[in-house]
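Please put together the full structure from these sequences, using the hints given.
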Amino acid sequence: MYEFAYHRPNSVRKAASLTASGEAKLLAGGQTLLPTMKQRLAAPDALVDLAGIEVLQGIELKGRTLHIGAMTRHADVASNATVREALPALASLAGGIGDPHVRAMGTLGGSIANNDPAADYPAACLGLGATIVTNKRRIAADDFFTGMFETALEDGEIITKVLFPLPRRAAYAKFDNPASRYALVGVFVSKRGRDIRVAVTGAGPCVFRVPAMEEALGRRFSPKSLEDISVDAGDLNSDIHASAEYRAHLVGVMARRAVLAT
Amino acid sequence: MPKVTMTVNGTSASADVEPRTLLSQFLRDHLRLTGTHVGCDTSQCGACVVHVDGRAVKSCTTLAVQWNGASVTTIEGLASGDQLHPMQEAFREHHGLQCGFCTPGMIMAAVDMVNRHGGVPDEKTIREGLEGNICRCTGYHNIVKAIGAGAAAMTGGKQAAE
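Just so you know, the protein sequences line up as chains F and U, in that order.
Going letter by letter, the first sequence gives residues 1 to 262 in the numbering used here.
Going letter by letter, the second sequence gives residues 263 to 424 in the numbering used here.
Take the hints with a grain of salt, since some may be wrong.
Here are a few chain F residues that face chain U, going by a calculated C-beta distance under 10 Å [said to hold, decoys possible]: (1) Q39; (2) D49; (3) P100; (4) V102.
Take a look, some chain F residues computed to stay more than 12 Å from chain U by CB distance [what the hints assert, rightly or not]: (5) T82; (6) S222; (7) A242; (8) A248.
Under the rule of at most 30 Å between Cα atoms (straight-line distance), these lysine-lysine pairs were calculated in the DSBU-like manner [what the hints assert, rightly or not]: (9) K136/F x K14/F; (10) K38/F x K25/F; (11) K386/U x K407/U; (12) K14/F x K265/U; (13) K25/F x K265/U; (14) K265/U x K38/F.
Think of the hints as simulated: they come from the structure by calculation, not from any bench.
The beta-carbon is built from N, C-alpha and C at its ideal position, and this holds for glycine as well.
This is the structure:
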């Protein structure tokens, strides 16, 4: 790892001003950033650690919306009684990220800011129609994930929390890589009134929705409704772990499993 | 260089470190606590697992400066004098190791698992709990057996709540 300066501000405003200039990066749980820096794929001249900012922590249910602070660790989302009661699909998704030691460090905000194409949380945000709150604005999940490792975040913009509207039904089904536990394909399905969402991670360069599946589930919310719907392998990832055709097949299988599990 | 102070195995430890110093390097190179092993250095193998403020983390994937003021327990901090920790004893009793390189991380992960589950985890839970720890010698059978026995010794045999 190359040298860098380390800052640990106690407010979002200070963190934002520290990242406004130079090649500083925000440090959340560090479970992706630090390995990336070790490989010298990233070499920021400063790290701004968000762990000292209290307002970025915590889980709260307000009416029918679950508020989760950006620095909340995966292990805390997975074990939190409120999340397990109000949105069990999200608790179980968080409990399936990486391994226990990674979950003790990794954070919600870090995961979605990184937007790894195979990360789990982007599927939950898009699949639940979440709102990402930053120090500047509110961004709908539909507008937040813009491409491979790319988001709508601007320089100096810091995610403070994510708002998850509670669905009537929701489930996440993931076919994970047995070594990395990243999603080879993960599908998050939810139903909230007439809003039905099917969000896919791991399969393409960025998390995406499948409108044909959403329409079919709108007619009848059953795994059977998805039997004749396939996604185009042409847009999907192909690597040593799985071909695009196999991933396309898995999208169908995982979507049906998710619907069955809701 | 920033000064870092933390409580390691019950004793206060301070050092001036570069910000890029990993917690594993701080423990091994500055404090000479070489029981914490670095296997892959890419956060996959879990040989470097230690407890920080009661949570098991991979010490090769976190910076020492992040833990100023924290309380750290390493494998060296488990035994009391000549008396092995029940989980260490169970690994010895059940031959839960072959070359022993992964063992410090395995044991720290195992103790954390029991702390989190509050009882004796079932085999499936133990195997899932070891997803972040890799043994390249022999497989996991005796490790899983050792963790079950160690958990029983730690908790008086009480079944985990889940």
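Structure-based check of each hint:
The closest approach between the C-beta of Q39/F and any C-beta of chain U is roughly 8 Å, which is under the 10 Å cut-off, so the hint is satisfied. Interface restraint check for D49/F: the shortest CB-CB distance to chain U comes to about 6 Å, inside 10 Å, so the restraint holds. Annotation: interface hint on P100/F holds; nearest CB of chain U at approximately 6 Å, less than 10 Å. With a cut of 10 Å, the hint placing V102/F at the interface with chain U holds, because the nearest CB-to-CB distance is about 6 Å.
At the 12 Å boundary, the C-beta of T82/F stays outside the reach of chain U, the nearest C-beta of that chain being 17 Å off. Listed as a non-interface residue, S222/F keeps its Cβ farther than 12 Å from every Cβ of chain U; the least gap is roughly 30 Å. Residue placement check: A242/F keeps its beta carbon more than 12 Å from all beta carbons of chain U (closest about 20 Å). For A248/F, the shortest C-beta to C-beta distance to chain U comes to about 27 Å, beyond the 12 Å cut-off, and the non-interface label holds.
Between K136/F and K14/F the alpha-carbon distance is near 14 Å, which keeps this suggested pair within the 30 Å criterion. A distance of roughly 14 Å separates the Cα atoms of K38/F and K25/F; the hinted pair therefore holds under the 30 Å criterion. The straight-line distance between the Cα atoms of K386/U and K407/U is roughly 12 Å, inside the 30 Å bound, and the hint therefore holds. As the CA atoms of K14/F and K265/U are separated by approximately 21 Å, the hinted pair is consistent with the 30 Å bound.
For the given pair, K25/F sits about 21 Å from K265/U by alpha-carbon distance, which is consistent with the 30 Å threshold. Restraint check for K265/U and K38/F: satisfied, since their Cα atoms lie roughly 22 Å apart, inside the 30 Å limit.
In this structure, every one of the numbered hints holds.
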